[in-house]
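Please arrange chain B on chain A, whose structure you already have, making use of the hints.
As you go down the protein sequences, you meet chains A and B in turn. Numbering of the first sequence is given in my numbering, commencing with residue 221 and proceeding in unit increments. Numbering of the second sequence is given in my numbering, commencing with residue 448 and proceeding in unit increments.
By construction, these hints were calculated from the structure, which means they are not laboratory data. C-beta: ideal position from N, C-alpha, C; glycine also. Please note: incorrect hints may appear among the correct ones.
Partial selection, computed: residues in chain B whose CB lies under 8 Å from chain A [as the list claims (entries may be wrong)]:
no.	residue
1	L498
2	I536
3	L542
From the structure, some residues in chain B lie toward chain A, with a derived Cβ separation under 10 Å [claimed, not checked]:
no.	residue
4	F462
5	R464
6	R601
7	S620
8	I622
9	C625
10	A627
11	G634
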Amino acid sequence: MMAAIYAILLIAFVLDLLGRGRLAACCLFLSFIICVWLFLWEIYSPEYGFRMPWLQVELGPIFAPLRSV
Amino acid sequence: MRGTKNTGGRIAVVFDRISLLGMLLILAAILTAAMIMQYGFGEIPCPLCLLQRFAMFGCCFGLIVQLRSATSEQGTGISLIFAILLLVISARQTLLDLFPRPGHEYIGSAIFGIHMPVWSVLIAVALLLGLATRLALFGGRSYSVMGDGLLTRRLVRGLIIYVVLLCAINFISVIIQCGAGECHTFGYRLLR
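So here's chain A without its partners, still in its complex pose:
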């Protein structure tokens, strides 16, 4: 899939060089869509989904006295 993204990007650059601006923009948009899809696929974990449980952002013990007030 990564190869497809770079192939379409290269085609977009070449089309732009040849003066086919609109077609080049379409290719770039297509590669952008595939890139977003691949990014979501890469970061998705069957265990955590899109969450990042290693980042703990709950209130720590330092704030416990404030919470009790």
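Frame of chain A, contents of chain B only:
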């Protein structure tokens, strides 16, 4: 009075062109450095690193469009979209590797004590700031690109061809590393 206004306008146009050219030059240098790190120092890029390179190429595409057409801001819009994409991907990778654990630590060596995804966050923020500042200072100004000197036109043309060549090299590199399937950092799929 009109002469002073024209001179001011010309200076603004020159600064506008320099800012676009500067951003494209810096991005081309970063992408060249990435290739040197990959093949000179054996640091195989991860899939998210390759997607960040793609986002940088997208920014280059926008800047090239903007350098060619001075009557619309379409190129700046394209660059802004890809700068945001770069920021999202690099911020996610930074958060992914923030706490080193088995299978998740920063890939590659640190440059000036900062790892690649964190550099990418800084690059994306710098790009967003640069493009926004350019729009704030010179946005909506239409002028003729034909007014550029011969040297500037040759420089722009040379830089565009260099970026396209870099893109072609990256494409071949991705084919060698990933083939038609998933990308890994263990080695080059086609060289096993």
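Against the structure, the hints come out as follows:
1. A hinted interface residue such as L498 (chain B) counts as satisfied when its beta carbon comes closer than 8 Å to some beta carbon of chain A; here the least separation is about 6 Å, so the hint holds.
2. Checking I536 (chain B) against chain A: minimum C-beta separation of about 6 Å stays under 8 Å; hint holds.
3. Look at L542 (chain B): its Cβ gets to within about 6 Å of chain A, closer than 8 Å, so that hint holds up.
4. This hint is violated: F462 (chain B) has a C-beta 25 Å from the nearest C-beta of chain A, more than the 10 Å allowed.
5. Checking R464 (chain B) against chain A: minimum C-beta separation of about 19 Å lies over 10 Å; hint violated.
6. The interface hint given for R601 (chain B) is violated, since its Cβ lies 15 Å from the closest Cβ of chain A, which is over the 10 Å cut-off.
7. Contact between S620 (chain B) and chain A, as hinted, is supported at the beta carbon level, the nearest pair being about 9 Å apart and thus within 10 Å.
8. Here the hint on I622 (chain B) is kept, as its CB sits about 5 Å from the closest CB of chain A, short of 10 Å.
9. The restraint placing C625 (chain B) at the interface with chain A holds, with a minimum CB-CB distance near 5 Å, inside the 10 Å limit.
10. The beta carbon of A627 (chain B) comes within 6 Å of a beta carbon in chain A, closer than 10 Å, and the hint placing it at the interface holds.
11. Annotation: interface hint on G634 (chain B) violated; nearest CB of chain A at approximately 15 Å, more than 10 Å.
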